[in-house]
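Novice: Sequence:
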Amino acid sequence: MPNLQNDTGLVRRDLFFIVIAGLLLLASGMGLRDPWPPDEPRYALMARDMVLNNQWFFPVRAGEYYAQKPPFFIWCIAAFYWLTGSLRISFLLPSLTAGLVIMLTVYDLGRRIWNRETGIAAVILLLLTIQFPLQAKSAQIDALLVMWTTLALYGFARHMFLGANWRMYYLGAAATGLGVITKGVGFLPWLLFVPYAYVLKRSWAGTPIPGGWRWALGPLIAIATLSAWLIPMLVLVAGSSDPALAVYRDELLWGETVQRYFAIEGHNQPIWYYLFEAIPWLWMPLVALLPWLIPAWRERIRLRDSVIFCLLGWTLLVLVFFHFSSDKRGIYLFPLLPALALAAAPFLAKLVKQKNIRRMAALLTLIVTLASLSPVIYFKLLAAERGLELENIYLVRPWAPLITLGVAGFSIFLACRVRQAVTGFAIMMGVVWMVYSWWLGPLSNASQNGSDLVISAEEIVRPDQELGVVRYKEKFLLFATRPLTHFGYQAVPRTQELYNAVAWLDGKPNRILLLEEELWKSCFSESLENQTLYASRRRWHLADSGSVLDDCRGHGDSSAAIIYDPPYWPDHPGNR
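Positions 1 to 576 (my numbering) are the ones given, in order, by the sequence shown.
Just to be clear, a hint being listed does not mean it is correct.
[What the hints assert, rightly or not] The calculated lysine-lysine pairs, modelled on DSS-like cross-linking and capped at a C-alpha distance of 30 Å, are: (1) K508 / K473; (2) K521 / K508; (3) K521 / K473.
[What the hints assert, rightly or not] Computed beta-carbon distance windows for the label pairs: (4) L381 / L290: 19 to 25 Å; (5) E459 / A288: 47 to 53 Å; (6) F57 / R202: 45 to 51 Å; (7) I367 / V320: 28 to 34 Å; (8) K521 / A415: 52 to 58 Å.
Note that these hints are calculated values from the structure, not bench results. Treat the numbers as computed from the prediction; the structure is a model and nothing was measured. Beta carbons: idealized from backbone N, C-alpha and C, even for Gly.
Turn these sequences into a full structure, and let the hints steer you where they fit.
Specialist: Printed below as a string of structure tokens:
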């Protein structure tokens, strides 16, 4: 009988349908929305300016070098923008590409280690787990990072568990170097060698792979890959007379790596944050399978399954690594998800046949349905006045999409019952992402992108006047069509930035300042033309020097002002 696991035709068919499924789910709605905060406008702004200003090597945010992340992700958006000419499409293409690569990599590794069915099961688990489509449909840096970490695990695992394959080992090593260029934690796949060393010592994985110097070549390849960016950056900084570049280098290599890991400021969360706040919803429904997966994993480890042990061991090591950092975000756990999906995939076919699993799937479908209808019931029936207030604040009426989800959920629940509940849940999650991508997302775009505030401010401020902004948000600068003056991105405390803005405002009579209501109240007596603008769920005001309170004068430095002159952007909403 032919080996169906290696049948080229079947494998190609699998790959084709995986790509089609990925495109249907992950690319849906692309081009229907602008970059949304907190992170998307930042990367889109820098990538757009890279292309339009033809300044590629050092990312610049509104006139300041951006040292919070390495530049690779921004380069990717810029490259796609250069190719497509559409920022609405290009800012999402790196994450879409990464999502497809992750799916194909997970399938191929699952197929090679176990069988085709396991590879397909791993892809299905990824698509159903909330965090995967959420990140693949967002322009955040982590999808690209996870592409590199997954490729690294793929190369390392093929070398470790499928017979010596030095090319795959070197591929994994190079991927870690590219991962570091994308985000500092790209080195994490090397931790896979910790559980691997254990299984070798216990003779679980056969004899160690001989190689000697070949093993040492892996880290050297990773360093060489990293150096392809690092050395030119260091040379350019050393040869520049710009002190801001030296600050960029030091902040990027030290402040945003070691210092950030141990920082007491940032995304501070309690020690239980990952286990009890992030994982339960980001990894649903995968996390709901843990009561059945843990006994299965324990049995396989008892039988010395080195693959399962190493995948789970690596997952735990990375979780511990992030756990002890005071800077915690749910998105940091994304690199663990492909490995966890692979570890769970061999058991999925048997699990879905169990009645308790089907009951759980039916319950999850019902929970998603009720979660969709609950806001409608509360804000349209029980607290209608509050609902109307939120509509006016957010400028969104999401009731029709939510009702559609509720009706679809109940229909799926009644049609599938418990017997086909797993299929029903998969369909429900597909409906959720379709409604979000094609309906709810575009409906929310105006309230999220910040363009209305900028357009309104530019209409009020005359062409002969200068416009400044305090505590600017990148989404405002992204849609600006005229020069804007700002005072550094959170470079000084808010009060000092406000004082600097007041000093700038007093410098010339034709200057106007845009600022949030809280800051406006502390230093100004009235708004320009009594205008109140709305964005980011906050009120904003325009003010001139005539309304400055005396207590706010004499404390600032007008030289802190930075002028950002946005390039002409053909894809600007005003030109569509």
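Novice: Evaluate each hint against the coordinates.
Specialist: Here is what the structure says about each hint:
Taking the CA atoms of K508 and K473, the gap is about 24 Å. The hint holds against a cut of 30 Å. Restraint check for K521 and K508: satisfied, since their Cα atoms lie roughly 22 Å apart, inside the 30 Å limit. This hinted pair checks out: K521 and K473 have alpha carbons roughly 19 Å apart, not beyond 30 Å. One distance hint, 19 to 25 Å for the beta-carbon pair L381 and L290, is violated here, with the actual separation near 37 Å.
Taking 47 to 53 Å as the suggested C-beta distance range, the pair E459 and A288 conforms, at roughly 51 Å. At about 48 Å, the CB distance of F57 to R202 agrees with the hint of 45 to 51 Å. In this structure the hint that I367 and V320 lie 28 to 34 Å apart at CB holds, the actual value being about 30 Å. A hinted range of 52 to 58 Å holds for the C-beta pair K521 and A415, which are about 55 Å apart.
Hint compliance for this structure: hint 4 is the single one not met.
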